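The listed protein sequences derive, respectively, from chains Z and Y. So the first sequence is residues 0 to 78, counted in numbering that gives the first Met the number 0. So the second sequence is residues 0 to 401, counted in numbering that gives the first Met the number 0.
Hints in this document: simulated from the structure, not taken from any laboratory. Don't take every hint at face value.
[What the hints assert, rightly or not] Here are some, though not all, of the chain Z residues that point toward chain Y, as calculated from beta-carbon distances under 8 Å:
{"hint": "1", "residue": "Val28"}
{"hint": "2", "residue": "Ala37"}
{"hint": "3", "residue": "Arg38"}
[To be verified] So the derived label-pair ranges between C-beta atoms look like this:
{"hint": "4", "chain 1": "Y", "residue 1": "Ala226", "chain 2": "Z", "residue 2": "Glu31", "range": "20 to 26 Å"}
{"hint": "5", "chain 1": "Z", "residue 1": "Ala37", "chain 2": "Y", "residue 2": "Asp93", "range": "34 to 40 Å"}
{"hint": "6", "chain 1": "Y", "residue 1": "His143", "chain 2": "Z", "residue 2": "Ala37", "range": "42 to 48 Å"}
{"hint": "7", "chain 1": "Y", "residue 1": "Ala184", "chain 2": "Z", "residue 2": "His27", "range": "51 to 57 Å"}
Just so you know, these numbers come straight off a predicted model, no measurement behind them. Here a beta-carbon is modelled for each residue, glycine too, at the ideal position from N, C-alpha and C.
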Amino acid sequence: MADKGSAIGRVIALVGIAGLSATPVQAHVERERQALEARVEAVRQGLKSQPAATRSLMAQAANWNNWPKWSKWSNWANQ
Amino acid sequence: MEQLGQPVNGAAAGFADFSPALRTRLLILQGTPFCNIDCDYCYLPGRDSRERMSLETVRLAARRLREDGLAGDELTAVWHAGEPLVLPPVFFEDAFAALAEELAPATLLTHSIQTNATLIDDAWCSLFLRHGVAVGVSVDGPAHLHDLHRRTRRGAGTHAAVERGIDALRERGVPFHAIAVVTAATLAEPDAFFDWFLDHGVRELGCNFDEAEGAHVGSSLQGFEAAHAAFLERLLQRSIDSGGRLVIRELAQGLQRIAAPLPSYRHRGEAWPDNAQVLPLALVSVAANGDFSTFSPEFLGQASAAYAGFVLGNVHRGGYLQSLHGDAFARLWPDIWRGVEACARACPYFAHCGGGSPVNKLYERGDLAATETLYCRSMLKRPFEVVLQRLEAEQRNEAVVR
Numbered sequence: 000m001a002d003k004g005s006a007i008g009r010v011i012a013l014v015g016i017a018g019l020s021a022t023p024v025q026a027h028v029e030r031e032r033q034a035l036e037a038r039v040e041a042v043r044q045g046l047k048s049q050p051a052a053t054r055s056l057m058a059q060a061a062n063w064n065n066w067p068k069w070s071k072w073s074n075w076a077n078q
Numbered sequence: 000m001e002q003l004g005q006p007v008n009g010a011a012a013g014f015a016d017f018s019p020a021l022r023t024r025l026l027i028l029q030g031t032p033f034c035n036i037d038c039d040y041c042y043l044p045g046r047d048s049r050e051r052m053s054l055e056t057v058r059l060a061a062r063r064l065r066e067d068g069l070a071g072d073e074l075t076a077v078w079h080a081g082e083p084l085v086l087p088p089v090f091f092e093d094a095f096a097a098l099a100e101e102l103a104p105a106t107l108l109t110h111s112i113q114t115n116a117t118l119i120d121d122a123w124c125s126l127f128l129r130h131g132v133a134v135g136v137s138v139d140g141p142a143h144l145h146d147l148h149r150r151t152r153r154g155a156g157t158h159a160a161v162e163r164g165i166d167a168l169r170e171r172g173v174p175f176h177a178i179a180v181v182t183a184a185t186l187a188e189p190d191a192f193f194d195w196f197l198d199h200g201v202r203e204l205g206c207n208f209d210e211a212e213g214a215h216v217g218s219s220l221q222g223f224e225a226a227h228a229a230f231l232e233r234l235l236q237r238s239i240d241s242g243g244r245l246v247i248r249e250l251a252q253g254l255q256r257i258a259a260p261l262p263s264y265r266h267r268g269e270a271w272p273d274n275a276q277v278l279p280l281a282l283v284s285v286a287a288n289g290d291f292s293t294f295s296p297e298f299l300g301q302a303s304a305a306y307a308g309f310v311l312g313n314v315h316r317g318g319y320l321q322s323l324h325g326d327a328f329a330r331l332w333p334d335i336w337r338g339v340e341a342c343a344r345a346c347p348y349f350a351h352c353g354g355g356s357p358v359n360k361l362y363e364r365g366d367l368a369a370t371e372t373l374y375c376r377s378m379l380k381r382p383f384e385v386v387l388q389r390l391e392a393e394q395r396n397e398a399v400v401r
């Protein structure tokens, strides 16, 4: 059987997305992004030596798979 | 069956694909649009309609997924967009059986119900336990906060009825989580809010920060962003102090996004961070009459001349993949993708988000191709930043101790 999930991409592409801007990431955004990623990377590196309270929080996040799966991807459920 | 993947108008060559292959992750089924209460912040139109999904519609909603190859190894079906429990338990017995007949054993199906809990009794608890239903209760915390907005059509508060429903769940040992709408009034009372859930046996709480969507045209949180940050900081402290007895979804997700990169997919030759709300057919919403939509589930039932009411098709007339050739999708998809690309260009948090929420872009900014929204700030950026700052502070303290 053909991979129909993959075929979706081709179907969608056929719809066409005309007029997309080729504008690159704005310079100030790129600077902010790099600064944010540097902070995130530093925290990732330091997570192994976190104090007990934060390690506990990490354990909670690891258990997040117990939450219905959709919540991992989007906060769609609404009022 | 439609010949998918074949060139249409001879234009297939050179177009990028999605990788990994797209699959439907969540099937949202509107058993009925009717709701027995009348919350003033509800986005959903048609809550007075007593229309009811037929068993044939349930079957077709699932069969189309299977026929289109969209059902992977696992799928969650959630009953939502209206109060599901105004339908009788036997409706769900029949619906669950129909879904299983169409999808099992190839697809492991999980049932989920989002309910206001006012109608939960022993019979419902038996059904939840029998089928392992993941129950989400919509409740806003203490009565004085909840009853501000979650009222009957006659204006009476519903909190007492919700508490009775929660008591029934607890007495029968039915696992459940809660989703609360947080309004400006809630921001001043983080401890009372947190304690109420802790005292009622809730272990996982999703905070839906009041959003402007559909019939609910304005958020009470506009102009309260500093208070929102303080609220999140307090919830984080309380969650840590509770030893993990109550986890806040937005903070846990922030932590996850910091701890590890989002999964990515490839489209048009480039890698993009995963976001189910911008991936076609990742989330499929089916209305009681069989109309279906994708992307943000809140689109279903909303009026829109520009996007044909966000209705891509109807399961009685055709499949999901076939609908991607239709006019509604042809209008919707390019604008949503422009929004994703705009976010990629303009937002430092893009790698941790993947393009925001289309429905919020449209209702807050009037444009699917817009970028930042109040939703972005309240649901993603600020929880992310609060958790990140907490981790940074902990690391600094650790360094000083050493």
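Tested hints:
1. Val28: Holds, about 6 Å.
2. Ala37: violated (11 Å)
3. Arg38: holds (6 Å)
4. Y:Ala226 <-> Z:Glu31: 20 to 26 Å: holds (24 Å)
5. Z:Ala37 <-> Y:Asp93: 34 to 40 Å: Given range 34 to 40 Å: violated, Cβ gap about 55 Å.
6. Y:His143 <-> Z:Ala37: 42 to 48 Å: Given range 42 to 48 Å: holds, Cβ gap about 44 Å.
7. Y:Ala184 <-> Z:His27: 51 to 57 Å: Because 36 Å falls outside the window, the suggested range is violated.
The structure is inconsistent with the numbered hints 2, 5 and 7, although it conforms to all the rest.
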